[in-house]
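Order-wise, the sequence lines are chains F and G. Following my numbering from start to finish, the first sequence increments by one per residue and tops out at 283. Following my numbering from start to finish, the second sequence increments by one per residue and tops out at 1293.
Don't read these hints as lab results, they were simulated from the structure. Bear in mind that the values here come from a model prediction, so they are computed numbers and not experimental data. Please note: incorrect hints may appear among the correct ones.
The following label-pair restraints were derived from C-beta to C-beta distances [what the hints assert, rightly or not]:
hint : chain 1 : residue 1 : chain 2 : residue 2 : range
1    : G       : K1159     : F       : P196      : 47 to 53 Å
2    : G       : N1228     : F       : L123      : 53 to 59 Å
3    : F       : A15       : G       : P1048     : 26 to 32 Å
4    : F       : F109      : G       : S1179     : 33 to 39 Å
5    : G       : S1072     : F       : I37       : 55 to 61 Å
Chain F is nowhere near these chain G residues, computed Cβ spacing over 12 Å in every case [said to hold, decoys possible]:
hint : residue
6    : G1151
7    : D1209
8    : K1222
9    : K1275
10   : L1278
We put the CB at the ideal spot given by N, CA and C, even for glycine.
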Amino acid sequence: MGGKRRRSLWKRIPAQIRTPLGVIAVTVALTWLVVAIFAPYLSPYDPVSQEFAPYLEPNSVNFFGTDDIGRDYFSRVVSGSRISISLSLLLVFMSMIVGSLIGLVAGFFGGWIDEVIMRLTDLFMSFPTVILAMIVAAALGASLFNSVLAALVVSWPVYARLTRSMVLSLRQSNFVSAARLMGHSSGRIMLRDIVPNTISSTLIMASLDIGTATLLLSGLSFLGLGAKPPTPEWGSMISYALHSFDKWWLGLFPGLAIFSVVVAFNIIGDLLRDQLDPEVQRL
Amino acid sequence: MSDAVADIRDVRAGKHHSGQDRESRLGNGAGSLLLSVRDLKVVYPGRPPVVAVDQVSFELFEGEVLGLVGESGSGKSTVAKAVAGLLAPTSGEIIFDGNSMKPLGMAKRPVERTGIQMVFQDPTTSLNPRRRVGSQISDGLEVAAARKPEGGNRLSVEKWLERVGLSASDGNRFPRSFSGGQRQRIATARALATEPSLLIADEPISSLDASTQARVAGIMCKLAAEQNTALLFISHDLSIVRLIADRILVMYHGEIVESGPTQQVWNDPQDGYTKRLLSSIPTPDGLGILPSA
Ligand SMILES: Nc1ncnc2c1ncn2[C@@H]1O[C@H](COP(=O)(O)OP(=O)(O)OP(=O)(O)O)[C@@H](O)[C@H]1O
Ligand SMILES: [Mg+2]
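All chains, please: the whole structure from these sequences, using the hints.
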């Protein structure tokens, strides 16, 4: 009974993920999620207190060494996962909500509303992402939350486009016509006939986006537009490591952390991309 | 397959009473005109614009089964959508139940105008894939309750499923687990559960195999007759339409080229195109499918 149940769960995972590469990527991603959730329990020392001698090389007490003011670097990298990953998830979630709502309105109501929204979307997408995010972050002032807002400004248009294209075709579908003939309101049609049919593709798109979000947010912090010391955040840790370039571990470990999160989520996203409709894949 | 044909014949035999009722009511001058389409013209914008339907006029009476036949591209679906209000006519008038029919926009259709329902050509999108079929049928019941609150005892979702030949427990399933024919029957149940006065069936069966076609057409016709719902039945297959329709309209290139009682169109066609349609049916009693002329 239990075995059968496990097998059917396994079968429910998209076939693309059930490959060696997919399994590795999912394992890495899940590990990071677990680390992020349990960071306070997994970090052996306080990530912001100066308990050790500065610049200790990795050793059996300080697995990743210590930094310029004697903080345990392993604890900082582990705690950093919580900030980097939760902010990425927050960013993806917010982009998804904002973008999908905008795309829903554009696709469903069409006409000039659609025109205006789509021109705006094109405008946002025509800027180089990082530069636009930098400008916004600089304008808002450096803080973690502002860096998320700045990243949001550049991340929503993808969801708007995706949702709009799905809504355009759903709107024409026969079950929507049937709902109109039954006298359902536009709101009810959106809620029951349109949105439920866009969710799975949107979620796939979101999983595709987590790696990019991590990179963008740590990039902003690296540039000094996000987290500020002493907050353990990977991007700002790398940026700080530049001051003492000969201390290799200071750049390496947060770098590997960013690298593994970004690559794992990008692989998952790429594998899932095949699940999307052909029309959506082009976006 | 011959069983299915026999089924339809039974239905027709049963329907004759209501047909006579209608004639007698007409004779009495009772107002049983349900739908009147006058000089309908639909032009699809584009370069060049496509005149899909032109000078189409016809009438439909309560409880009547009107067949609309014509080859692919002759404008049948366009007429259906215009009548249902799913597209705005370029010119002409559609009067349903004494009121001029307004095309559907973003505003919701008032409940007293929900007496026109439609079953669509393509079974793959006729049902919402994310909702259980039972709850989609109950949408129909909800409309009936809102439009005719005094309507007495209504059938349950389970009974509707049984009426279209499915089992009561199928209501918990999602559309993807049903075949095309089953989906069209579910869509029919949903439409008829609203107790419409007019059901437009736009080639609901053309994508199905011949015996399933006859079965679905038979069920649809029987159920419509039971609640005195008029049926505008669209098909390119004259041999099936002939089995269920009281009257037949023949469309060609966007215009109606022939109309009349089924027997008259079948036995004594006036128009050259209708004659060609008839001569391309292999045997007079068979369920031959027309080559696209
Ligand atoms: N949305 C549209 N835009 C432009 N032209 C259209 C559109 N829909 C239909 N047409 C054209 O209008 C004409 C009539 O189309 P319609 O769909 O009404 O035919 P039909 O009789 O239902 O055909 P079929 O049996 O293949 O369903 C065709 O020439 C078709 O190409
Ligand atoms: Mg058609």
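Check each numbered hint from earlier against the structure, then list the numbers of those it violates in ascending order.
Hint check: 1, 3 fail, others pass.
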